[in-house]
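Peer 1: Each chain, written out:
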Amino acid sequence: MNSVVCISQVPDTEARIKIAAGGKTIEEAGLKFIVSPYDEFALEEAIRLKESKGGEVVVLTFGPDRAAQALRECLARGATRAMHIKGDSGAIDSLGIAQILAAAIRTLEYDLVFLGKMGVGTDNSLVGPMLAELLELPQVNVVTKLELGDGKLTAHREVEGAEEVIEASLPALITAQKGLNEPRYASLKGIMAAKKIAIDTKTPADLGLNEDELFNKRVVTMTLEMPPEKSPGTKIDGSDPAAAAKKIVDYIQNQAKAF
Amino acid sequence: MAKILVVCESKDGKLNKSSKEALSAGRSLATESGGELHAAVLGTAGEASAAEAGRFGAKKLFSAGDSSLDAYGTEPWTAAVKAVIDQASPDVVLFLGTSAGRDLAPRLAARLGVGVASDVDRLEWADGKLKARRPVYAGRAFATVLVDAKPAIATCRPNAFSPSESGDGTAEVVKVDFTAASSKARLVSTESTTGGEMTIAEADIIVSGGRGLKEAANFSLIRDLAHALGGAVGASRATVDAGWIDHQHQVGQTGRVVSPPLYIAVGISGAIQHLAGMSSSKHIIAINKDPEAPIFKIADLGIVGDLFEILPALTEEVKKAKAAH
Ligand SMILES: Cc1cc2nc3c(=O)[nH]c(=O)nc-3n(C[C@H](O)[C@H](O)[C@H](O)COP(=O)(O)OP(=O)(O)OC[C@H]3O[C@@H](n4cnc5c(N)ncnc54)[C@H](O)[C@@H]3O)c2cc1C
Ligand SMILES: Nc1ncnc2c1ncn2[C@@H]1O[C@H](COP(=O)(O)O)[C@@H](O)[C@H]1O
Chain U
0 MNSVVCISQV PDTEARIKIA AGGKTIEEAG LKFIVSPYDE FALEEAIRLK
50 ESKGGEVVVL TFGPDRAAQA LRECLARGAT RAMHIKGDSG AIDSLGIAQI
100 LAAAIRTLEY DLVFLGKMGV GTDNSLVGPM LAELLELPQV NVVTKLELGD
150 GKLTAHREVE GAEEVIEASL PALITAQKGL NEPRYASLKG IMAAKKIAID
200 TKTPADLGLN EDELFNKRVV TMTLEMPPEK SPGTKIDGSD PAAAAKKIVD
250 YIQNQAKAF
Chain S
0 MAKILVVCES KDGKLNKSSK EALSAGRSLA TESGGELHAA VLGTAGEASA
50 AEAGRFGAKK LFSAGDSSLD AYGTEPWTAA VKAVIDQASP DVVLFLGTSA
100 GRDLAPRLAA RLGVGVASDV DRLEWADGKL KARRPVYAGR AFATVLVDAK
150 PAIATCRPNA FSPSESGDGT AEVVKVDFTA ASSKARLVST ESTTGGEMTI
200 AEADIIVSGG RGLKEAANFS LIRDLAHALG GAVGASRATV DAGWIDHQHQ
250 VGQTGRVVSP PLYIAVGISG AIQHLAGMSS SKHIIAINKD PEAPIFKIAD
300 LGIVGDLFEI LPALTEEVKK AKAAH
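If you read the sequences in order, they're chains U and S. Under numbering that gives the first Met the number 0, the final residue of the first sequence carries the number 258; numbering is consecutive throughout. Under numbering that gives the first Met the number 0, the final residue of the second sequence carries the number 324; numbering is consecutive throughout.
Hints in this document: simulated from the structure, not taken from any laboratory. No residue lacks a Cβ here, since even glycine has one placed at the ideal position from N, Cα and C. You may find that some hints are simply not true.
Short, incomplete list of chain U residues facing chain S, as computed with Cβ under 10 Å [claimed, not checked]:
1) T12
2) E27
3) E159
4) Q176
5) M221
6) T233
7) Y250
Chain U with its partners taken away, still in its complex shape (with noise of 0.2 Å):
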């Protein structure tokens, strides 16, 4: 069973965030990156199936040189190749990444393609789609549990208020939901043998990809701002509870307008 996971590397969930010069970015400087959150429970699940049923598990990320660093964390943990297309992930819409995969992943041999449900940052779940599209997989995205038979998969996604039982074959691409399963943490023993990995770097080029048509295209950024400063609302004090709950269902009527 082999598998390949694209992970995106993304600023740590605590992080500050700080709007860069120009407006349309955030600030780098300072911040610590991490492997998106969603793309843990993809890895975690493509790394135990190849230890049950055997197969390869390859990494794959479009990103910056910094990206090599989530790849090399994936390795630690138990991936056993890893492939890095070069570029700046910040100028490109999701279906010039979701090009870019494709075009990468073309060249393996594939069971399953994993990914997370939303690449936590930018917050746009649309690369898991696009992909399964442009590789004419079937798709079960958001999935919570996934079982595996004689040339299909059973998963299961999480939808309003109830899961889906979804049957799909082989080869097929999955998004991961939290739930899905327990992560694992990378062992010394890991991360010492990742060192030892190369990784695979190219360019989109390299995969016969036309840059022109891939960066700043489509859905283009015109501004990132903070939201504005919220004002402080009102504190009360809830020592009287009679007299607490009056002020709280006269707020609920009057201002939120909720009745």
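Given chain U, work out where chain S with the ligands should sit, using these hints.
Peer 2: Just chain S with the ligands now, with coordinates in the frame of chain U:
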């Protein structure tokens, strides 16, 4: 003259709330440009929505009435919406921010070779192009993007656009030819995970509980208030991780991002990952015994006190007010 197409979802012949929101957003775009609003409703009950779609301003309703489209499935829906687009040739296509809409919009966009602005909370025109605002970094920043493609595709963030009727008459039904092809994936079953309770995804009011509840059984205090208000039950990750409540209820970065008109946080400290999932709610009330709890920084109304005393009193007061209403 711009044509705006909204890909709606209906149940038992009725449009859902997100459809009404997206139709209203689409109508503003149409009005601004002197254009026309169209709706697509798939499945055998699609035509039943013609009057309702019309009331929200749709002039035409494109329906593909095949039974393979009655439940959402990625492949049949992608093919059917593609058929609608080929026939309607819209300039803008709006999808809902539902699990179906989020599955479908990017797949279709890749088929058409166009981009998507996802989860947008504002839409307008800029020099004949679609300009959209979307929250990024879990609501800690806003990106304004220009969608330069035909059609320009966006998914609408739930609760961001208020549904308003235009009072127009029934939309003209346009039938779209669609024959189901074989699919590589199929829906085996759908199991409810909320036991029929209202979900946080579409609720107008959410009452969320945190670790301050002390134990699973005390979630009944949250449920009582939510039921009295006609709202849904939300939860912090700490309570989900403790096994007090199902993950479906989790609000936040690794749960659901919600922005209801009213959000009530009870015994929740206000960690950045929780705020990420609810800070764009219109009105926020927080109940916490710690006056320094970060949740108070974003609460419109904060009550410093013991939730075990305040919640029962509040639920009673809500019931009284509702009875008098
Ligand atoms: C990568 C990552 C993702 C995460 N994703 C999420 C997410 O999606 N959603 C989420 O919620 N968290 C998330 N977290 C966890 C988050 O950091 C917090 O740990 C969590 O939100 C805390 O939950 P809590 O507020 O219920 O608990 P606590 O922080 O323990 O707060 C409990 C609060 O209850 C108050 N309290 C106690 N007793 C009473 C009483 N009798 N009356 C009134 N108030 C009382 C206390 O003053 C305190 O403020 C994530 C963390 C990480 C690292
Ligand atoms: N630059 C990238 N390189 C590799 N995978 C990516 C990249 N961007 C997004 N992805 C994958 O696509 C998923 C969804 O991302 P997004 O559509 O940006 O929210 C992520 O969780 C990753 O698995």
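Peer 1: Are the hints correct? Go through all of them and say.
Peer 2: Quick rundown of the hints versus the structure:
1. Taken as an interface hint, T12/U checks out: its beta carbon lies about 6 Å from the nearest beta carbon of chain S, inside 10 Å.
2. Of the supplied interface hints, the one on E27/U is violated, with its beta-carbon coming no nearer than about 13 Å to a beta-carbon of chain S, more than 10 Å.
3. The criterion of a C-beta within 10 Å of any C-beta in chain S is met by E159/U, whose closest approach is roughly 4 Å, and the hint holds.
4. For Q176/U, the interface hint holds, since its Cβ comes within 10 Å of a Cβ in chain S; the closest pair sits about 9 Å apart.
5. At about 5 Å, the closest approach between the beta carbon of M221/U and any beta carbon in chain S falls short of 10 Å, and the interface hint on this residue holds.
6. Here the hint on T233/U is kept, as its CB sits about 5 Å from the closest CB of chain S, short of 10 Å.
7. Hint on Y250/U holds. Least Cβ distance to chain S is approximately 5 Å, under the 10 Å limit.
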